[in-house]
Amino acid sequence: MKKAQMSPATYANVFEPNLVDKLDDYVNQQLKDNTFDLEANLHLLRLYQIFHDKANIDGIRKVLLKALMNLKENAFTLALYLIPEKYHSDPSVEALSQLAKLLECAQYDEFWKQADVSKDIVQVATGFNHAVRDFILDILLITYRQVDMNFLVEALNLKETELKTYLQMKGMKSEGGYVHFPENQFTALKCRTIQQNVHFDQIAKIF
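Start counting the sequence shown at 312; every next residue gets the next number (the working numbering).
Treat the hints loosely; a few may be bogus.
As the list claims (entries may be wrong) - Lysine-lysine pairs mimicking DSS-like chemistry, simulated, CA-CA at most 25 angstroms apart:
#1 Lys424 with Lys365
#2 Lys470 with Lys430
#3 Lys343 with Lys365
#4 Lys475 with Lys397
#5 Lys470 with Lys424
What the hints assert, rightly or not - Distance ranges between label pairs, derived from CB positions:
#6 Val428 with Asp364: 30 to 36 angstroms
#7 Asn367 with Val428: 41 to 47 angstroms
#8 Ala417 with Met480: 18 to 24 angstroms
#9 Val464 with Glu415: 41 to 47 angstroms
#10 Gln409 with Glu486: 33 to 39 angstroms
#11 Leu389 with Ile453: 18 to 24 angstroms
#12 Gly482 with Lys383: 40 to 46 angstroms
Since the hints were derived computationally from the structure, they do not count as laboratory data.
From the three backbone atoms N, C-alpha and C, an ideal C-beta is built for every residue, glycine too.
Please model the complete structure; the sequences and the hints are all you need to start from.
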């Protein structure tokens, strides 16, 4: 996902009420353009805390939605921490929090079911499904050396033909009903030589 274009100098250490409207519009731009600016979005939430009359559930929901699309940056937890407690019981906030929890717990099949239930919330973001699929694939890449195609169909919520196209875009393919992932630092088998500095005379003393 591309980095959004607003200069940090525009908002960093600026705590003025007129900045809220600008950052609200900026979040809308990120949703439309499929870009992301974590620091700007977190600053918007801080401004909501200061200027209570400017705080609105629509803006909070949109910030959380962008954070959900960038879960590996710990964005969702950071954003949720800055949201006043009174908004946590809002249905849209609860729905997004549940989706984040399902992703973090690798309950991918259930995630897609709940995402469909909450489609009115998530579909306002360009590239939502693609961002989530990339996150899931990244997790699988550092966890497994190979996975069953049927499992991947469910995990990524794609038909088999769609999955093959998606994998091809990622430089991967299926073989024998499995998808073999490229080796990386997390899945590479490494041999370690352990040197034990125990001398014979030390062993002899035991007996």
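Distance restraint hint 41 to 47 angstroms, applied to the beta-carbon atoms of Val464 and Glu415: violated, 21 angstroms
Kindly confirm whether 41 to 47 angstroms is satisfied by the beta carbon distance between Asn367 and Val428. violated, 24 angstroms
So does Leu389 sit 18 to 24 angstroms from Ile453, Cβ to Cβ? Holds, since Leu389 and Ile453 (Cβ atoms, about 22 angstroms apart) stay within the stated range.
Does Lys365 sit within 25 angstroms of Lys343, going by the straight-line distance between their CA atoms? holds, 22 angstroms
Would the hint linking Lys424 and Lys365 be met if the CA-CA limit is 25 angstroms? Outside the cut-off at roughly 34 angstroms; violated.
Would the pair Lys470 and Lys424 pass a check requiring their Cα atoms to be no farther apart than 25 angstroms? Given pair Lys470, Lys424 holds - Cα atoms ~15 angstroms apart, limit 25 angstroms.
Does the hinted range 30 to 36 angstroms hold for Val428 and Asp364 at CB? The hint (30 to 36 angstroms, Cβ to Cβ) holds, given that Val428 and Asp364 are roughly 32 angstroms apart.
Does the alpha-carbon distance linking Lys470 and Lys430 stay inside the 25 angstroms limit? holds, 19 angstroms
Beta-carbon spacing of Gly482 to Lys383 - inside the hinted bounds 40 to 46 angstroms or not: Check failed, 20 angstroms falls outside 40 to 46 angstroms.
So the hint says 33 to 39 angstroms: do the beta-carbon atoms of Gln409 and Glu486 match that? With Cβ atoms ~36 angstroms apart, the hint holds.
Regarding Ala417 and Met480, is the given constraint of 18 to 24 angstroms on their beta-carbon distance met? holds, 23 angstroms
Are the Cα positions of Lys475 and Lys397 separated by 25 angstroms at most? Given that 25 angstroms is the threshold and the Cα spacing comes to 45 angstroms, the pair is violated.
Checked against the numbered hints listed earlier, the structure breaks hints 1, 4, 7, 9 and 12; every other hint is satisfied.
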